[in-house]
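Residue numbers (full-length UniProt numbering), protein chains in the order written: chain A, 1 to 408; chain B, 1 to 408; chain C, 1 to 408; chain D, 1 to 408.
In short, the hints are calculated from the structure, not lab data.
Nothing here was measured: the structure is a model prediction, and the numbers come from that model.
Worth double-checking, as some hints may not be accurate.
[What the hints assert, rightly or not] Derived list of chain A stretches under chain D, where covered just means 3 residues or more per stretch with a C-beta under 8 Å from a C-beta of chain D:
#1 179-188
#2 214-224
#3 273-280
[Stated by the list, open to error] Using C-beta positions, here's what the derived DEER-type ranges look like:
#4 Asn-297/D x Glu-119/C: 26 to 34 Å
#5 Asp-355/D x Asp-134/C: 38 to 46 Å
#6 Arg-150/B x Ser-19/C: 53 to 61 Å
[Claimed, not checked] DSS-like, lysine-lysine: derived pairs with alpha carbons at most 27 Å apart:
#7 Lys-390/B x Lys-394/C
#8 Lys-136/C x Lys-78/A
#9 Lys-382/A x Lys-227/D
#10 Lys-317/C x Lys-8/D
#11 Lys-296/C x Lys-227/C
#12 Lys-390/B x Lys-356/B
#13 Lys-296/D x Lys-260/C
#14 Lys-406/A x Lys-296/D
#15 Lys-374/C x Lys-406/C
#16 Lys-296/C x Lys-373/B
#17 Lys-390/B x Lys-378/C
#18 Lys-378/D x Lys-227/A
#19 Lys-8/D x Lys-78/B
#20 Lys-8/A x Lys-227/C
#21 Lys-378/A x Lys-8/C
#22 Lys-8/D x Lys-70/B
#23 Lys-241/D x Lys-378/A
#24 Lys-394/A x Lys-227/D
#25 Lys-296/D x Lys-244/C
Don't be surprised by glycine CBs; every beta carbon is placed ideally from N, CA and C.
4 protein chains.
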Amino acid sequence: MPKTNKLKIINDPIYGFISIPNSLIFDIIEHPYFQRLRRVTQMGLSNLVYPGANHTRFHHAIGCMHLMQKAVRVLRMKNVEISDDEANALYIAILLHDIGHGAFSHALEHSIVNGITHEEISLKFMKALNEEFDGKLTLAIQIFEGKYDRAFLYQLISSQLDIDRLDYLKRDSFFTGVAEGNISSDRLIAMMNVVNEELVIEQKGIYSVEKFIIARRLMYWQVYLHKTGLVAENVLVNILKRAKELAMKNVELPASTSLKYFLYTPITKENFSKKTLQIFSELDDYDILSAIKEWKNHEDLVLSTLARMIIDRNLLKVEIQEEPFTNKYIGKKCMKLQSLLNIDEKEAEYFVFSDKIEHQAYNTNKPIKIYSKKGKLKDIAKASDQLNLKALTKPVVKYFLCYPKKIM
Amino acid sequence: MPKTNKLKIINDPIYGFISIPNSLIFDIIEHPYFQRLRRVTQMGLSNLVYPGANHTRFHHAIGCMHLMQKAVRVLRMKNVEISDDEANALYIAILLHDIGHGAFSHALEHSIVNGITHEEISLKFMKALNEEFDGKLTLAIQIFEGKYDRAFLYQLISSQLDIDRLDYLKRDSFFTGVAEGNISSDRLIAMMNVVNEELVIEQKGIYSVEKFIIARRLMYWQVYLHKTGLVAENVLVNILKRAKELAMKNVELPASTSLKYFLYTPITKENFSKKTLQIFSELDDYDILSAIKEWKNHEDLVLSTLARMIIDRNLLKVEIQEEPFTNKYIGKKCMKLQSLLNIDEKEAEYFVFSDKIEHQAYNTNKPIKIYSKKGKLKDIAKASDQLNLKALTKPVVKYFLCYPKKIM
Amino acid sequence: MPKTNKLKIINDPIYGFISIPNSLIFDIIEHPYFQRLRRVTQMGLSNLVYPGANHTRFHHAIGCMHLMQKAVRVLRMKNVEISDDEANALYIAILLHDIGHGAFSHALEHSIVNGITHEEISLKFMKALNEEFDGKLTLAIQIFEGKYDRAFLYQLISSQLDIDRLDYLKRDSFFTGVAEGNISSDRLIAMMNVVNEELVIEQKGIYSVEKFIIARRLMYWQVYLHKTGLVAENVLVNILKRAKELAMKNVELPASTSLKYFLYTPITKENFSKKTLQIFSELDDYDILSAIKEWKNHEDLVLSTLARMIIDRNLLKVEIQEEPFTNKYIGKKCMKLQSLLNIDEKEAEYFVFSDKIEHQAYNTNKPIKIYSKKGKLKDIAKASDQLNLKALTKPVVKYFLCYPKKIM
Amino acid sequence: MPKTNKLKIINDPIYGFISIPNSLIFDIIEHPYFQRLRRVTQMGLSNLVYPGANHTRFHHAIGCMHLMQKAVRVLRMKNVEISDDEANALYIAILLHDIGHGAFSHALEHSIVNGITHEEISLKFMKALNEEFDGKLTLAIQIFEGKYDRAFLYQLISSQLDIDRLDYLKRDSFFTGVAEGNISSDRLIAMMNVVNEELVIEQKGIYSVEKFIIARRLMYWQVYLHKTGLVAENVLVNILKRAKELAMKNVELPASTSLKYFLYTPITKENFSKKTLQIFSELDDYDILSAIKEWKNHEDLVLSTLARMIIDRNLLKVEIQEEPFTNKYIGKKCMKLQSLLNIDEKEAEYFVFSDKIEHQAYNTNKPIKIYSKKGKLKDIAKASDQLNLKALTKPVVKYFLCYPKKIM
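Next up, chain A with everything else stripped away, as it sits in the complex (with noise of 0.2 Å):
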């Protein structure tokens, strides 16, 4: 009689079927801290601009297992030669890379968990899952860590060409239907060798690092920074930072249990305990998205009328240009602003802000490497014949300014 598997495969409207490749993973993935990631969304309030973008950093962490497993197949065929348990570390290295993320992916992070990165956070998962499973992490964690001493395996879970990337660009174009921002990761990792235990691109897939590139570009500028996502994100993030200054006072906040440990106690690197992992991993976007809907209706002016911006989808204007915004033209939005609703200075400014946004296309300190057929490495910017790579590296800045619709 055959066996037939139990549920090791998973649909993906991308990729098509993904098969778990062993038990071990299966358990992790089973895990209640790795399920918590079906509640974090990938793309934070990106949905308000993108309405199908609601995909999870559980189905993205599962994505990038997947295309690990082809990485591995690919790079042994070429007779790299990768172990079974190097493999294992690998897919597990990059199922959990982004485990640390908080509720909304990077709102958390700027408003109140900001004493640690959720990279330090990610590690904290990882022991805490090498413990449970007997240290069968133990390499998994060396090698997200950069300690193992072959480069390629890091690189293939961090670098300007990873995994991630390959995952996440296809992931979020296909979701947001953006269609342009679609990379080929197939081919991508077809044109993946190892020399000298670095990661590189055969030449031949100069063309598609290239577009690569490019469509990273577009998506970050028309999508990941896209005005009214960027908006609705600063919003959520004052938000947080008002409750977490009312709290600070003592002032009462609606809020489920775990959000409300994060609100009225201080996190620092040096004080995240266990504990704190504890209560961290069960906080996620319904926490905060629920708390906004109380907080709709709190009886501080700011919360409120920030909550309901959120929950409404009516939120402030943007201003974008290219040369910072003068203080002084953000000093009167500001003073209008106070003297329409009685409010001091400190208080407008959670509704009239400014910074900056900036993105680097490419970054020549990792370079991506390019192997040419007469055996040699060459940075992709110097490889590239013509499109102006170098133009690349040089960061883009922007600058916005927010401030309510009234006061235009």
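Mind docking chains B, C and D on chain A? Use the hints.
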């Protein structure tokens, strides 16, 4: 200087660009009642099985409006007269046809908001909006209620081959990645026509209709009634029922303001006031799921145990068969659990329960009519040359039994 | 220095990248016998209806090889033992299963090469290649002929759910743009298993199989037997028949060397020599269509009139019905044409002709077997709970009558 | 009784359904001149590299017409006035813009029909059709020739962002499976507008235009100038040149009537008569390829050797570099071949030859204009904030050298 439109284009990964036909519809979409649909998933907890299935009722409604525009264009090209007012009413009616759906789509209707159907609530919303928009929705409401004298307009909104189905089958198939459920909405719309004010399908569309019926049937059994999703849905309903039960006993339950209202207030069709509607309009998936997250730690064993099942995706076991389960078999499971957890029978029934699921692939009462080249109208079940569609008119019934894994 | 593979990757718009598993298969693909398939369209003259349908037998064969690799991978994961030699033989057998197809796929078989089937010619090609490749195709030939003792290997090549169908339905659906014919080859393969050396489908694949049968049926009636394609195919056959008739009377016909051979030489199964095979291997769509272009201006009225119909896509009219056309009705059309063109009855029958088309959606003689969870095997026609697949076992027959538009 | 349209819908795997706007256009499509395009592949011999790339000029022209309908709809929605006559002229002009392309697209122009460009032949076809259709193509011809006073109409037909490119890049990307070349024609069209009768792109479309330019560049180097395709194209041209050379010496060559005409008659722009046009209209890929198949066995060694290379896909070797090859290097190869095959230098040059390929990604002479929110027009090369588009205005030149493998 050319006039460039305000944001009137929405990206859809399925259809590309969707344009909003006019400013009335733009304003309806902007209304908080409609914006709430952004926070109600189309497929409830199916994302526990199909991780891509996070699309919302908002997106579905917008997609329907898009297909409706196509249908109007096709019918007009075939010289079916549709006035601009009628077209507009169609867009509004289809946009709002599901606005009364509660959080997690169907779960609420079977637990805490069960004296009134979602269709009735949809109608209440439409009437409330009609007041706000000075009667501009009157014709849409007439069509939605089936009170307008041109039958095909109603049939486009609600029939066995309505625009609703054309969008949701395509959309659910797309986001789950179950490509086999994909239907050709374009082709089906291209085959539509109107005879004696009835919506018909031209003869050459017969295979497409067959295929549509089979695809829908496949989606039911493979996706909508997928056993894991089925368990999750039932556990969710039981959580809400238990919560309501506790609330009626005045047990304190952490919950959002809106959810508390529906837990602690008996709702009937009669007392579903304007105030109730307003509170309903603030209730969405986030209220439910964040409450469940809190209830994981509630002192009531039944509530907390069920809640953990959903959050950690560690669900009940399910058996499915074609015959009802015997009371004896169920009773035995129940008693085993009672003694294991030291709970009474009524409590045990939250974990051990049986019910039936059924699906009728095709209903001859309101047939899909095929219009032959010779000018005759036939029920598709008769027009189809061979595929025994009559067999599909018999509802398929299956029985399921759920119980905790530990008493397997 | 890393070894980068020679061209062993083929781009496929459907599957992405297809890799060629080894150098023997690479060499078979490079062989002129196989390269000929680049010049034989998969769907004959269907591109007169579906302009995207220009894909070739070459591409289909390569696609089959790709799916076969997937099937082998899936079965091995389920612990079905398949040796490397067997796997390789499967790839070769599926690659060459259609190599005996003549120009325009089926047209030749019904006109000038009609003493021998395309399967018999495929076998001749395989044997010729086996000689060239020192016996390395022996096992592939055994499997292809059904003479190897593991039945499932043959069933993967030829059965109601073989790899051939899994590719061509998907491919034809893709290139015609008839999305409704799309099937999930991936899912069907994922559901394959082997019991007692028989190919079976696991129970949860039952809806996918149903869907596959319905999709195939739809493709037959909507695409393969599309009335315009049907007329074109029949006109093509008539052109070749007329040409052969004229050739037998020693009328001179411009044609390529290879085509002349088949026109002026009577071909039987017995005299289909090595030389005949060699000439056959040089005959493709280009010989046929370029001859027809010349024949547009031939002095034989029948030949030139038919030829113009194809080239200018100005075809005969066709009527289709469920009953045979009466001789009286056909005769009347025929006589009208005779007097109009001043031709005799036999000549008129090249323009006025009736025949039947039939399609059996499912054949119970060699059933698709479903493997239930309880370990039983059932014919899908019985396992399917409701969809009356039995009804689909009855062949559907339709009758058509073609005649020139001017005698309508 | 409803009127159902005659066949006016064409299936396209890319766009879904394409509808034919009116009966004049229907009749033009039916004309043998246009039907010939069914037998001319869009991408010449690229199918030797990308086996899916068998799409035809017919399909491309139809696709263009479809996109043009979209463009007209978008512009009208933005209040750009386009009369029905102008719209119709646009459809006709784009439908016929490439009708003068010879067999295998570009090969003929560089060998046997080289006194006249394909654009000139297109114009001849349009004028001939205009006579047949009683002057109804007059406006289309004016626009096509750039003689109509509304510049944007011409720019839709021919510019750096014309409808032609929007279709062929998308189509070629689709059928080759090189997904990275995919562009969002829909988005680009949605961003079109008209200022002072000039076609412009709105500012928010800037990233899409960049992406379009990069995608086109990628398609050139990865697909259109793919080295195997390049060799095949050059061998094809050499075959035709050799044939013409032999024909001029009155050597007998098997060929179709039309091809013979072009081989044995010197063609110049001056003597390209109506009769020549008629014969040209009967010359397509089938004439060329079937002749080449015959020439495989021609007694002329050069002709037969080259012919076999194409048919058996056993091509010359190619080297590509950024500097010209030295005469010395080429001469050495040449001499080696001369002595090997015992042929003279001129004959050897059919096998050993060098040339350059070049591509200019963007041309500032006729810039793509970006229309800023503040109402200014800028060349995209200047409007693009960072991507150094100026770098892309410099043509990239590469040199290639072909020679037989045996003299490597």
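Tested hints:
1. 179-188: The restraint on the segment 179-188 of chain A holds, since 6 of its residues have a Cβ under 8 Å from chain D and three suffice.
2. 214-224: holds (count 6)
3. 273-280: As far as the segment 273-280 of chain A goes, the hint is violated, because 0 residues have Cβ atoms under 8 Å from chain D.
4. Asn-297/D x Glu-119/C: 26 to 34 Å: For Glu-119/C against Asn-297/D, whose Cβ atoms are near 30 Å apart, the range 26 to 34 Å holds.
5. Asp-355/D x Asp-134/C: 38 to 46 Å: holds, 41 Å
6. Arg-150/B x Ser-19/C: 53 to 61 Å: holds, 58 Å
7. Lys-390/B x Lys-394/C: holds, 16 Å
8. Lys-136/C x Lys-78/A: Answer holds: Lys-136/C to Lys-78/A is near 26 Å, not above 27 Å.
9. Lys-382/A x Lys-227/D: Given that 27 Å is the threshold and the Cα spacing comes to 22 Å, the pair holds.
10. Lys-317/C x Lys-8/D: holds, 17 Å
11. Lys-296/C x Lys-227/C: Within the cut-off at roughly 23 Å; holds.
12. Lys-390/B x Lys-356/B: Holds, at roughly 23 Å.
13. Lys-296/D x Lys-260/C: holds, 16 Å
14. Lys-406/A x Lys-296/D: violated, 80 Å
15. Lys-374/C x Lys-406/C: violated, 64 Å
16. Lys-296/C x Lys-373/B: violated, 35 Å
17. Lys-390/B x Lys-378/C: holds, 23 Å
18. Lys-378/D x Lys-227/A: holds, 22 Å
19. Lys-8/D x Lys-78/B: Distance ~12 Å between Lys-8/D and Lys-78/B Cα, so the pair holds.
20. Lys-8/A x Lys-227/C: violated, 45 Å
21. Lys-378/A x Lys-8/C: Answer holds: Lys-378/A to Lys-8/C is near 25 Å, not above 27 Å.
22. Lys-8/D x Lys-70/B: With Cα atoms ~17 Å apart, Lys-8/D and Lys-70/B stay inside 27 Å; holds.
23. Lys-241/D x Lys-378/A: Measuring from Cα to Cα gives roughly 42 Å; hence the hint is violated.
24. Lys-394/A x Lys-227/D: Violated, because 34 Å separates the two Cα atoms, which is more than 27 Å.
25. Lys-296/D x Lys-244/C: holds, 25 Å
Checked against the numbered hints given earlier, this structure breaks hints 3, 14, 15, 16, 20, 23, 24; the rest are met.
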